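Colleague: In case you want the letters, here they are:
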Amino acid sequence: MLQSTSETVAMLEHPLHWRPSGNLIASTQQLPNNRHDVVFFERNGLRHGEFSLPSTATTPIQVVDVAFNAASNILMVVLAPATVQLWTTANYHWYLKQQVDFDAPVSAFHWDAEVATRLYVATDNDLHTFNLAMHVLANTAISEANPATVSVIDGATLLVTPFALRNVPPPMSAYSIRTEAPVRHVAYGPTGLVAALLSNGSLALIEVQNILYFNSYLFQLGL
Amino acid sequence: MTKTTALGLTMPLQVAVVSSTRVLVLMSQEGAASVALVDISAPDDAKTVATSKCPQPFLHWHYSHDPARLLLETAEGSFFTGNIYNITRGSNRVFL
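Quick note, the sequences are listed as chains A and B, same order. Quick note on numbering: my numbering labels position 102 of the first sequence as 109, and the sequence is numbered without any gaps. Quick note on numbering: my numbering labels position 85 of the second sequence as 1295, and the sequence is numbered without any gaps.
Simulated from the structure, these hints should not be mistaken for laboratory data. It is possible that some hints are incorrect.
Claimed, not checked - Some chain B residues near chain A, calculated using beta-carbon distances under 7 Å:
hint	residue
1	Gly-1218
2	Val-1225
3	Ala-1260
Said to hold, decoys possible - Under the rule of at most 20 Å between Cα atoms (straight-line distance), these lysine to any residue pairs were calculated in the SDA-like manner:
hint	chain 1	residue 1	chain 2	residue 2
4	B	Lys-1213	B	Val-1228
5	B	Lys-1257	B	Thr-1214
6	B	Lys-1213	B	Glu-1240
7	B	Lys-1213	A	Asn-207
8	B	Lys-1263	A	Tyr-102
9	B	Lys-1263	A	Thr-136
10	B	Lys-1257	A	Thr-136
11	B	Lys-1213	B	Lys-1263
12	B	Lys-1263	B	Thr-1212
13	B	Lys-1213	A	Thr-136
Quantities reported herein were computed from a predicted structural model and do not represent experimental measurements. Every residue, glycine too, gets a C-beta built ideally from N, C-alpha and C.
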């Protein structure tokens, strides 16, 4: 029995996955200017949000498939030829949490049906098993100068907030740092150094200076 | 100010800053854990000075500044430890 039909969506692509929690259906859509979106539909066929995949002006994106994990909190996007992206959402914002670029084309991929954070990816050469875990990237150094910095990974952008100085609620942040590739992990040094491991195997070292103390001035103008 | 160096590491997973001049990078190679010690004394020219392997897949890792010990917990429940500074004296040292 037909329950509902969506409106026509231009350039809607072949990937289609029903979120296990049942409230969303995910697909992808091509748009002008090399833009590529992951789009969501409600069960009644109405559009319900989207987010854009990061792209460059010269390299068009080719989406192979999208798939939610069993807990419905991680969305895998597989790109041709050998890239897997893992997205999560919070506060109505989609974050690119991890990007893995394999050295051989991805031939198969599958979320574990029982362990929601386990992902299997087969390439032409190897079988990779990923056990994922949520981790808070916080500076826990025991120091008076520790500004209680917390970082949030959002693809090639690191969202940084020193909570001892600024209480900025997510998805906003006190400031953001752009890197040349998606960030995989972050660690803090003893002297304001931030080390970001990138998905392309590079190490980005960020010297955070002059953000620990803010000076405020009150000028009284004699009238 | 951001300075990026391509290390050419295979499947790097996590990073830890152990001092102002040393960074540890945990990797996964051929189903086993591998740790690289990176010299960041020249931030725009970081260099991998040593690598070390754990014979089993890792589950969790932890390091301490003093006495500079590295602890790897494997998925099978066993532990492997190593001295961070020993890694600098030889590559491919197995944690025992």
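Colleague: None of the hints should be skipped; say for each whether it holds.
Modeller: Okay, the hints, checked on the actual structure:
Taking 7 Å as the C-beta contact cut-off toward chain A, the hint placing B/Gly-1218 at the interface holds, the least distance being around 6 Å. The beta carbon of B/Val-1225 is positioned within 7 Å of a beta carbon in chain A (closest approach about 4 Å), and the interface hint is therefore held. Interface hint at B/Ala-1260: violated, since its Cβ lies 15 Å from the closest Cβ of chain A, which is beyond the 7 Å cut-off. Under the criterion of a C-alpha separation no larger than 20 Å, the hint pairing B/Lys-1213 with B/Val-1228 is consistent with the structure, at around 18 Å.
Between B/Lys-1257 and B/Thr-1214 the CA atoms are separated by roughly 11 Å; this keeps the pair inside 20 Å, and the hint holds. Under the criterion of a C-alpha separation no larger than 20 Å, the hint pairing B/Lys-1213 with B/Glu-1240 is inconsistent with the structure, at around 30 Å. A distance of roughly 15 Å separates the Cα atoms of B/Lys-1213 and A/Asn-207; the hinted pair therefore holds under the 20 Å criterion. Note on B/Lys-1263 and A/Tyr-102: the hinted pairing is violated, with a Cα-Cα distance of about 32 Å set against a maximum of 20 Å.
Our distance criterion of 20 Å between C-alpha atoms is met by B/Lys-1263 and A/Thr-136, whose separation comes to about 19 Å. For a cut-off of 20 Å, the pair hint linking B/Lys-1257 to A/Thr-136 is broken: about 29 Å separates their Cα positions. Taken as a hint, the B/Lys-1213 and B/Lys-1263 pair is broken in the structure, with Cα atoms around 28 Å apart against an allowance of 20 Å. Among the hinted pairs, B/Lys-1263 with B/Thr-1212 is inconsistent with the structure: their alpha-carbon atoms are about 30 Å apart, more than 20 Å.
Simply put, B/Lys-1213 and A/Thr-136 have alpha-carbon atoms about 32 Å apart, too far for the 20 Å limit, and the pair is violated.
The structure does not agree with the numbered hints 3, 6, 8, 10, 11, 12, 13 stated previously, though it agrees with the rest.
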